[in-house]
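Peer 1: Here the protein sequences line up with chains A and B, keeping their order. Take 1 as the starting number for the first sequence in the numbering used here and just add one per residue. Take 1 as the starting number for the second sequence in the numbering used here and just add one per residue.
Hints in this document: simulated from the structure, not taken from any laboratory. Any given hint could turn out to be false.
Remember, identical chains collapse to one label, so a pair may be satisfied in a single copy or spanning two.
Stated by the list, open to error - With a straight-line Cα cutoff of 35 Å, these simulated DSBU-like cross-link-like pairs (lysine-lysine) come out:
#1 Lys179 to Lys330
#2 Lys485 to Lys571
#3 Lys485 to Lys334
#4 Lys374 to Lys224
#5 Lys9 to Lys224
#6 Lys334 to Lys179
#7 Lys374 to Lys334
#8 Lys224 to Lys383
#9 Lys485 to Lys79
#10 Lys571 to Lys179
#11 Lys383 to Lys9
#12 Lys9 to Lys47
#13 Lys224 to Lys334
#14 Lys374 to Lys79
#15 Lys485 to Lys179
#16 Lys571 to Lys224
#17 Lys47 to Lys224
#18 Lys79 to Lys334
#19 Lys9 to Lys485
#20 Lys383 to Lys334
#21 Lys330 to Lys374
#22 Lys9 to Lys330
#23 Lys179 to Lys9
#24 Lys571 to Lys79
Number of protein chains: 2
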Amino acid sequence: MPAYHAPLKEMHFVLHDLLNLGNHYASLGFNEATPELVDAVLEEAGKFTESVIAPLNRVGDEQGCRFEQGTVSTPEGFKSAYQQYIDAGWPTLAQPEQYGGQGLPYSLNLVCAEMQSAANHAFAMYPGLSHGAQATLMAHGDDALQQRFMPKLVSGEWTGTMCLTEAHCGSDLGLLRTKAVPQEDGSYRLSGSKIFISSGDHDLAENIVHIVIARIEGAPAGTKGISLFLVPKLAVGDAGEIAGPNGVSCGAIEHKMGINGNATCVINFDDATGYLLGEPNRGLNAMFTFMNAARVGVATEGVAAAEASFQGALAYARERLQMRSLSGPKCPEKAADPIIVHPDVRRMLLTQKAIAEGGRAMVYEMATWVDVTKSASASAEAKQRASDRLSLLTPIAKAFLTEMGFEATSLGVQVFGGHGYVSEWGMEQLMRDTKISCLYEGTTGIQALDLLARKVLGSRGALLESYCTELGQWWMTQPIPDPLKPMQQQLLAHLQQWGELTQGIAIRAQQNPDEIGAASVDYLMFAGYVVLAHQWLKMAVAAESRRETDPDFCQSKQDTAYFVFARLLPKAASHAALAAQDSGSLMRMAEHQFR
Amino acid sequence: MPAYHAPLKEMHFVLHDLLNLGNHYASLGFNEATPELVDAVLEEAGKFTESVIAPLNRVGDEQGCRFEQGTVSTPEGFKSAYQQYIDAGWPTLAQPEQYGGQGLPYSLNLVCAEMQSAANHAFAMYPGLSHGAQATLMAHGDDALQQRFMPKLVSGEWTGTMCLTEAHCGSDLGLLRTKAVPQEDGSYRLSGSKIFISSGDHDLAENIVHIVIARIEGAPAGTKGISLFLVPKLAVGDAGEIAGPNGVSCGAIEHKMGINGNATCVINFDDATGYLLGEPNRGLNAMFTFMNAARVGVATEGVAAAEASFQGALAYARERLQMRSLSGPKCPEKAADPIIVHPDVRRMLLTQKAIAEGGRAMVYEMATWVDVTKSASASAEAKQRASDRLSLLTPIAKAFLTEMGFEATSLGVQVFGGHGYVSEWGMEQLMRDTKISCLYEGTTGIQALDLLARKVLGSRGALLESYCTELGQWWMTQPIPDPLKPMQQQLLAHLQQWGELTQGIAIRAQQNPDEIGAASVDYLMFAGYVVLAHQWLKMAVAAESRRETDPDFCQSKQDTAYFVFARLLPKAASHAALAAQDSGSLMRMAEHQFR
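Generate coordinates for the entire structure from the input sequences, incorporating the hints supplied.
Peer 2: Put into structure tokens, the structure is as follows:
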């Protein structure tokens, strides 16, 4: 099992050197979130994660959750760890002060969430989903409902879920059947069956608050008849007290590839009392708000998986003695050289490092945009800009970083050779756990359509143009050390290529909308590599200021940036070439001819 | 669980239309192996695989092997299925007639092995390893030893293993410590501990014959002091009768990512009696013979995994209704269109199909070369040519097809969305099971070094030049239907690029041997795409002759070839660009700076 160490120095670099978090928080009125407090919080979060959450990762995988007599039990140790997590106040970190939260920024919590996910993906999903449910309640619930449910959600005594999927409806929510019948008191009665509900049932909390999409009796068909509800597992009185069962039950849990410490539940609603969130039939719009935030969280899981796997692989590559360097023994006193001398092992490690650290820079920056969108003191203009950036970057980060995070964990297994396949070392669990991130909250294919169809073409290119223009101007005016200038030129060329690629697709799509689907995933991957390279160049430039005080750190960042531009960014070219092709090669085969 | 169907029509096409198996077998003196017999064997093998082996795939994964009181039990049903497998004579198919085998060609057995592996990877490994052990015994054992051990190995009553790895020595066999002490009667006593022994212990057979590498007392250090031994689990008398225990025991089994139905054992040798195979201290050379054949088998596992996952994903994509085609409803009478209408779903399915069918053509052709190398009637020249081709293509097929097979299974999960992550559907098991193929018998990195350092540069380019020249001449003289001619040009250009790429690396490697390691994996992947495209163009041309009789089949092959050249072969360019780079981006970082 690789021992997880919170990479505080790496996090500190991104937060302070890259994002200037002190200024950012001050400008948004987070007066308590001083750089010193941020560092103190992260140090404590690191300790807690390393000592309480990380040690349960393997037992969670081995034991999994048990479903007996209608209830779910979490693996040994989860309950006690979750209680410690509550006692230490971690659930409240970025939650609203009026309901007992600490009111700290979203971005600060995201850093903690990265740690938790890297240490124990399954465990981290409990607070993760709960925060998603709370955000939805805060955005769409009225005051009375918030007062009734938020305090215990904030404290972590209750947890939350998101109930979207039904057996016949995954990506296509318009097909959903769960129905809601209005009651005289303004509440609704919900009936239906939801599947794939993460954290859907468990023994960590006394109540679980489900956010459920359903169709109000008589609502229009399709996505225009979807409404959003809050449905507690146990009924809750006006004062927030538990008031008995509520027709919500867990019907089964899935046996699955990974995240075994988190039950994936069938949740049945049988005339369960629920409360409308937002307007009737506007549920899908409300869900999109939630999903964008959730997708930044899932992108962070990709980063976390890459980080955890990199830590394990790096330690192993330094210790494992096997064969001599082709350019002559590096440790002649040993029976063989450590495998880190081999160029291909370095290629794998550097790829992992590039994804973990570059992906971190990507998602932390996005988290600062979320801070802005949530801030009461930011200007409308600033909020619009942040929201536009999030719209564009969220599907890229979600799909690209989870695919690359998965690749990083697969490389981690390869570094270990056969040992990587053995559970004991923990490397294969990272692969299995993180594969879910390429699937839930919208598969890679769905993210790619969201990016290209909805965000890029849907804004007639405006979101993309604004982003690329900003980046282009930044890089043309930024003082850049000479050795990094070739990377600057490469990046500028790619930004231009991005625009041209988009125009080509837009023109083709006017003739045939299938061109969008045919180009989408390669288009997204191209974009992912470009944004990753942008982050790496930013880091290489920012690291310059540490050249005197921490030359190894500076060199490491700049050498990794060099690797990214030399060995990863070229893959963007192949994705661009594929995205530039028409759909013929995909569409010409008749369905019955596939075999 | 996707129901596995042996793709007999596909197999038939490759064997007869592409490889002209009737002629091939006749020319090697396999007089019984007529086209009719081949078809009859494959039909029976398909039935047996579908009805006996496939149904145990999931139970094998769920139950796994159990290790209790020093012995290993296989999952429920394995024992009975293996007995049926023996009773039907399947183990004997391509084994030597003098020991009870049917003497049919290696290539015919490989087709059966593909079926078994696709249906149940873990089960297929029992006969797979056993055939490897028999091949080693036939190649290096003397007559007496063969007579003593072969009959029961051939019948399948006993099985075999290969014992190479030790805890501290995986790829670097020179580090091995297991020692062999010569006895007066010519036998040896072996002591040591081997790990990762697939099929190392089980309850399917009454005895297990281990092929073991060890160091004879006083042998030179490193790879020059390695000898090869046969060590039975239970001692065997001169007449082949079992004669009690032999100091061989299973110390533990690994918990691992997949192939749970096959125990991966620690095997301890404690003064166990063994018999030398071949010359003392020449064991590594002998192992290489075995490993080349074994690696063709592992490459086939990649094909098998892609095939199984494609079958599952295709069926699902035709049934699952979700969203409308962007170019307008295709099934307006249904609630949504089947997901096969979406271009990106087609991209995933076609990728799977391209790997399964193109990879099949690749490994079957290689199997015909193995037939030649094993044939008594082939000319020395023909044998040399076959052996040269195998040397070059084996690492390519092993690494490229297992990496692509893994990718295919991952795409299969993506086609299913969240359902792909759930065990019930069987798609995630395919991923977990086939990941081992990227690791055992030499990781992808090891194959890449074998290809570039040993095979290509080690022959001063001769093996590659001979292969590319033959391919180039074939494609320049082959009559090609007009619509396929652009592919012909693309392929010829890639063959030329292959040579240029190699020359560039050879020149750089003279200055710095690390250039080989730095280029190796991308070089191998480039080669893999080129060979895959070559096979697809061959199939597209060959399919022409079925245009009248089976137009759908012909069109499917040609459209898939079009897809391969349009959407997969361009990835070769990016690998070539990376392989053409110098090692600087990998080697400049000091080891302590990785973090």
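Peer 1: Now look at each hint and say whether the structure bears it out.
Peer 2: Now the hints, each set against the structure:
1. Lys179 to Lys330: between (68 Å within a copy, 28 Å between copies)
2. Lys485 to Lys571: both (20 Å within a copy, 28 Å between copies)
3. Lys485 to Lys334: Classified as neither; 41 Å inside a copy, 56 Å across copies.
4. Lys374 to Lys224: Answer is within: at 27 Å inside a copy they meet the 35 Å cutoff, but 68 Å across does not.
5. Lys9 to Lys224: The answer is neither: 48 Å in one copy and 47 Å across copies each exceed 35 Å.
6. Lys334 to Lys179: Classified as between; 21 Å across copies, 69 Å inside a copy.
7. Lys374 to Lys334: neither (57 Å within a copy, 42 Å between copies)
8. Lys224 to Lys383: within (27 Å within a copy, 70 Å between copies)
9. Lys485 to Lys79: neither (53 Å within a copy, 66 Å between copies)
10. Lys571 to Lys179: neither (47 Å within a copy, 48 Å between copies)
11. Lys383 to Lys9: Cα proximity of Lys383 and Lys9: one copy only (30 Å, versus 60 Å across).
12. Lys9 to Lys47: Within one copy only: 14 Å inside a chain, 60 Å across chains, cut-off 35 Å.
13. Lys224 to Lys334: between (69 Å within a copy, 18 Å between copies)
14. Lys374 to Lys79: within (32 Å within a copy, 62 Å between copies)
15. Lys485 to Lys179: neither (59 Å within a copy, 58 Å between copies)
16. Lys571 to Lys224: Classified as neither: same-chain Cα gap 40 Å, cross-chain 42 Å, threshold 35 Å.
17. Lys47 to Lys224: Classified as neither; 47 Å inside a copy, 50 Å across copies.
18. Lys79 to Lys334: Neither, since 46 Å and 46 Å both go past 35 Å.
19. Lys9 to Lys485: within (26 Å within a copy, 57 Å between copies)
20. Lys383 to Lys334: neither (59 Å within a copy, 42 Å between copies)
21. Lys330 to Lys374: neither (54 Å within a copy, 42 Å between copies)
22. Lys9 to Lys330: Answer is within; shortest intra-copy Cα gap is 29 Å, inter-copy 54 Å.
23. Lys179 to Lys9: So Lys179 and Lys9 fail the 35 Å test inside a copy (50 Å) and across (48 Å) alike.
24. Lys571 to Lys79: Cα proximity of Lys571 and Lys79: none, with 44 Å in one copy and 48 Å across.
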